[in-house]
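Residue numbers (our numbering), protein chains in the order written: chain Y, 1 to 168; chain U, 1001 to 1168.
Any given hint could turn out to be false.
[To be verified] Subject to a maximum C-alpha distance of 25 Å in a straight line, what follows is the list of computed PhoX-like cross-link-like pairs (lysine-lysine):
| # | chain 1 | residue 1 | chain 2 | residue 2 |
| --- | --- | --- | --- | --- |
| 1 | Y | 157 | U | 1167 |
| 2 | Y | 71 | Y | 103 |
| 3 | Y | 167 | Y | 12 |
| 4 | Y | 23 | Y | 12 |
| 5 | Y | 81 | U | 1157 |
| 6 | Y | 112 | U | 1167 |
| 7 | Y | 167 | U | 1121 |
| 8 | U | 1157 | U | 1167 |
| 9 | Y | 112 | U | 1157 |
| 10 | U | 1157 | Y | 157 |
| 11 | Y | 167 | U | 1112 |
| 12 | U | 1012 | Y | 112 |
Hint data in this document are derived by calculation from the structure and do not stem from the laboratory. All figures in this text were calculated on a predicted structure; none of them were measured in a lab.
Protein chains: 2
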Amino acid sequence: MTPNDAIRLFAKTLQNMEHWMDKAAAYAQAKSFEVDVLVQDRLAPDAYAFNRQVQSACDQAKYAAAYLGGKPAPSHPDTEKTFAELRQRIRTCLAFLESVQAKDFAGAEDRKVSPPWLGGKWLRGDDYLVHVAIPNFFFHATMAYAILRHNGVELGKMDYIGSLPAKD
Amino acid sequence: MTPNDAIRLFAKTLQNMEHWMDKAAAYAQAKSFEVDVLVQDRLAPDAYAFNRQVQSACDQAKYAAAYLGGKPAPSHPDTEKTFAELRQRIRTCLAFLESVQAKDFAGAEDRKVSPPWLGGKWLRGDDYLVHVAIPNFFFHATMAYAILRHNGVELGKMDYIGSLPAKD
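In isolation and in its complexed conformation, chain Y is listed as follows (with noise of 0.2 Å):
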């Protein structure tokens, strides 16, 4: 699994993310809530709300782009409050995973991926994909789906995985 894999596979669970909310919004209507009021909604009182687990998605998609690319990362403010908002930081956050190209992750495995929080310290890029940028990836958005689907939005696993790559 190369760092550009890795980053497509986030690409496509954001797509995917988009698909449970399109089911959380026919859910709310079917309902006859507004179903922007999931965004704020979370799991317990102290844990982030389903927009911060979407932009948390987002960033860690973005950064582990970034810095495994060589890119600068570009600035996504949290400001989304609804949404239509967050589909948007969605497509945004995918518009510049694209622009990262397979190429651009040659010797990803060996940078040094320094991030402000690890303090001055730094993890080679491949230990960055397999013990930050992967488990915080999958943890977000899985957060987001639970929120969604402790709501009672109808969602199952394959909504989560998407479509497979099966061969006959």
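Based on the hints, put chain U in the right spot on chain Y.
Just chain U, lined up with the frame of chain Y:
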């Protein structure tokens, strides 16, 4: 990120999961409730309960190690109804993961992986890891974490991530 790296990441996360269960047990003791009531808790009436999330995380790790390592997957029946039994399930899984060594994954990317649920179709080993094993493993691990978190267990992101191989 090699298949071996992915299996070690799953093992690390299962060890972290035991640590979440330690925190749940301490919380149960402090609140004077029986920790095993959490075993059947779930985020939605038709979602997997905590025990099934743990079992599924273990199975995703087990099958990935078996399919990619070219080993038969041992049978681990889903009989656990207590925290003590779930800890044992995790340890049984970890012992199997440990038994599949780095050299067993040689050529794993190109293996044909044909789990029964694909109904005769197959995935390249690398595609199985990217599209099935990684997202599914972290889905179930995060759902297990989310159930504990939703019940008030004091868990934070670093409990989920565990230690990082950061360098000075």
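Each hint, compared with the structure:
no.	hint	result
1	Y:157 to U:1167	37 Å, violated
2	Y:71 to Y:103	12 Å, holds
3	Y:167 to Y:12	19 Å, holds
4	Y:23 to Y:12	17 Å, holds
5	Y:81 to U:1157	24 Å, holds
6	Y:112 to U:1167	10 Å, holds
7	Y:167 to U:1121	5 Å, holds
8	U:1157 to U:1167	20 Å, holds
9	Y:112 to U:1157	23 Å, holds
10	U:1157 to Y:157	24 Å, holds
11	Y:167 to U:1112	10 Å, holds
12	U:1012 to Y:112	22 Å, holds
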